[in-house]
Amino acid sequence: MLEFVKILSILILLSAFVLMGNKRINSYIETFRAQSLLIALMAGINGIIMLKTEGRFDLLAVCVLILVLKVIYIPGLLHRTYAHVKYEVEKDFILNIPILISVCSALVVFTYFCLRTLSSIIPNSIILQLVNSVSVIWIGLFFMISRKKAIGQIIGFLVIENGLFVTTMLGTEGMPFIVDLGLFIDLITAILIMGILVFRINDQFDSIDTDQLNKLKG
Amino acid sequence: MNNVIYILVQIVVILAVAPLVNGINRKVKALSQKRKGAPPWQMYFDLYKLLKKNAVVSDVSSWIFKAAPYIVFATALAGALLVPVSSKLAGSQIPGDFILLIYTLVLGRFFMMAAALDTGSTFGGMGSSREAMISSLIEPSILVSLFTLGLIARSFSLPEIMMSVQNNGIPLSNPVYIMVFLAMVIVLIAETCRIPVDDPSTHLELTMIHEAMILEYSGRHLAFMEYGAAVKQLIFMTLLVNIFLPTDQLINFSGLLAVLLSLILYVIKIIIVAIVIAMIEIKTVKLKLFSIPNLAALAFILAFIGVLQYFILGGGYA
Amino acid sequence: MGFILPIIPVITVLLLFLTRKSFLQHIINLLASGLLVIGALLLTYKVVNEGSIRYGFLGGIFYVDALSVIVLDIVIIIGLVTSIYSVGYLQEEIRQEKIRPGQIKRYYLLMYSFIFTMVMALTVNNLGLMWIAIEATTLASAFLVGFDNNKYALEAAWKYVIICSVGIAIAFLGIILFYLSARGVLSESAALDWVALYENAKSLQSPVLRLAFIFILVGFGTKAGLAPMHTWLPDAHSQAPSPISALLSGVLLNSAMYGIIRALTIVNCNLENNIFTGRVLLAIGILSILTAAIFIMTQRDYKRLLAYSSIEHMGIIAVAMGVFTPLAVFGGLLHMINHSLTKSMLFLSAGNILQKFNTMQISKIKGVLKILPFSGTAFLLGLFAIAGTPPFSIFSSEINIIVALFSGGSIWIGVVLVLLLAVVFAGIVASLFRMFYGEREQETLQPGEINKVGTGAIVVLLIAITLGGLFMPSYVIELIYQAQGLILGI
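Residue numbers (the numbering used here), protein chains in the order written: chain E, 1 to 218; chain W, 1001 to 1318; chain L, 2001 to 2490.
Quick caveat, the hints were computed from the structure, so don't treat them as lab data.
Hints are supplied without guarantee of correctness; some may be wrong.
Residues on chain L that point at chain E, a partial pick, calculated with CB under 10 Å [claimed, not checked]:
#1 2096
#2 2099
#3 2170
#4 2183
#5 2304
#6 2425
Cβ coordinates follow ideal geometry from the N, Cα and C atoms, glycine included.
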């Protein structure tokens, strides 16, 4: 069971790399969906373990929430948003993909060296999970920097949230349920607000390219 | 004595199975297109026919053009000796490790590219430059993957790597092996000129890579070139099946029967992998040349994550 | 009383949903902010006399002590002033046909959600919930920043949402590490509990805590506008409607700073000194002041200039918390109060100027003192106050911090700070003072105030900051002493 969680954690990291290698906005959204599905699986497995050992349903409820929100609702919402503002396929990234991916692998190494200092305190198995999930956060951050379209930046933010969620789940064996719930409410509001802003930016600028947001300087 | 048997079995099995893989591949593709297709053993007849014929050699070419087919075939066969088809036979010490394997194959590739340039035709030059690009992109992934396996086994020799994997339970339940396995699949596809990277059945100049290089060859020379390519393809498949899908640990006795049984299992695994690769070729479209670096980057990342996970756990998988 | 405070904005939001007439909405707004002030004052009285209060219901998630009461009072007082000002501001916007009457409802709805999230952030006991509330402040205020719905406002809103959400996500990583540092020390439900963490601070894992502090500083520092994570701040503050700028600058930044101070307290208590946190905070604080000074020197837009001045003052508070002597902490907390009052007054009077002149360019404005006698004067005096000249309250808190720096051994940092403050002063004088005098070019502008009630509120604030520089009411000092004791762990 634990071996399976390890594999999932690596696959989640891999999905972040795949996201970095994607070129089209539709495939960003699908990759994000796949990543969320992996996370939901992970929450499900941990939830079953928790149910057996402590008799609590927290993580299983979280698993259902992820399935509903991150696997079904948010990707659908993003697809709809994109369908409304779509113009044509344009080059969306600032550097070419192999370079972006090399930077990402450097980020993973960096995370590893940062977290290795904690190896005397935290067991090795948790460090492994932390390296994977914290790397997902940094890769999400770098994804936001590397893409110019507003939707790409939203996806980057979602990936950061995914990384945070996995870090929470693995590093701490689950936060109090109320915190998880609050996280989800914040997340869904954030996505709705960003979606509405994308619409308005599209109305005003006739594009969702954030390079055009350069009026305010100094 | 042991070594002689090993070499004999190795050469016989590899030479016998290599054309079959291509045949199966073509048959599956033909069936997917609702064609009847040639029988899987068609390539044996082709090779036999080509070997009987004389080669036509261009007047402007040098000795490299004539020597290259033999060198390609010889290096492929020499490489094949380093990858045991059955670990039941590999008890004897084989000198050489996977680094030797990789660079033996690179030697053959070098001569193939040099020969393609030799005749001065445009296709040959184009094929060579593309081949050089792909091989330089794929090579880091092969090395990192194999080094990861070597680190886990604490040895660079392929038989020992195979033995250590067999003793460690099911390899594909281990995250490190999964990553390296996926990297190796991409390497296999790129190295054997399969569809997302190259199309072996095309003669369209825009997309040819491997075919462009051997375009000038005919007769005997062509037979050796194609045989060499088939052997090389089988080497990578053997690496894949014998490292990641080991079956020899199931046979808990030794002797002639064990060797035979393990060889039969080996052939079955190779056939399955050949069918799976044909399926991948059916399902995917060929990437444009400038997207191949992205695929190579993916392979590298897989291998890299594998080695990183190994280091994070401090060699905990050994 | 503490649990009433979050309920009032919720009821207000519900009532606003039901009303249609803008007159009623204005009334609800004024009543709600008045009630909030009464509640906050009663709560303050109770905390001053009885110390920290913990409420038992809902699993004990509500908790108030002197530190949170200080920030809470700032939130609610600035909230009152802003809501009084907003009435006149919105009427004027409608008169100038910049907004439709229907938008008033949306404005108040968002404003009270914003206040609600800030009150929540300051009254919860759980670090995770505090994080959620601070993230919610971004979301509640995003559409307030983009309220004008033109290209500039949308750009500011987009940057604000994206940068702050990401920053705050990094803070969450810090909170997870806090949780990790309490492994084996605290039970699972108590591991994010601020009181429990504070009481067991000495037995937490120091290396994890150090890492956690860095992440929390970067995360909440983004919201507090500390350089180099400040880039959203000038855009958002300059493009938001002026009362909202006042709320953002006077209140939101402090709420984020409150998060940093909470984490700082635990980390310093665990490490038993302030060497680590002091270095980080001094560096980031001085960097913020330096950045602000450079941009103030070359600024052409008066609302942006005020925004950069906010960055500068947040930097000063960070420096004060970095020094961590009793005098410095006292000065820092006092500075928080003084800066909020002064800066919101400045933004409100800048709002009057903006509505009158319809431009944010300094070079296009002349003769403010003639055209807007009251708010112009308040703006001028406020600029003196924010630059740190003597009769005003900011001077007294700045001098506390500088004395603490010199007496605490950080002489060079003190020298740098004084020099940078001088540069900021020169920058403000050089860029802004040409607005006040000179002949007005636009003959169409009639002299006279536009937002009379709002101007009254500005004048009250001006009196408050002037008196605050001369003497301090004893209960304010008592409150700050209590908070200082909490922070220093005495």
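Cross-check of the supplied hints:
Hint status for residue 2096 of chain L relative to chain E: violated, with the closest Cβ pair at about 21 Å, above 10 Å. Taken as an interface hint, residue 2099 of chain L does not check out: its beta carbon lies about 15 Å from the nearest beta carbon of chain E, beyond 10 Å. Hint status for residue 2170 of chain L: holds, given a least beta-carbon distance of 8 Å to chain E, under 10 Å. Against a cut-off of 10 Å between C-beta atoms, the interface hint on residue 2183 of chain L holds, since the closest Cβ of chain E lies about 8 Å away.
The closest approach between the C-beta of residue 2304 of chain L and any C-beta of chain E is roughly 7 Å, which is under the 10 Å cut-off, so the hint is satisfied. This hint is violated: residue 2425 of chain L has a C-beta 20 Å from the nearest C-beta of chain E, more than the 10 Å allowed.
In the structure shown, a violation is registered for the earlier hints numbered 1, 2, 6, in ascending order.
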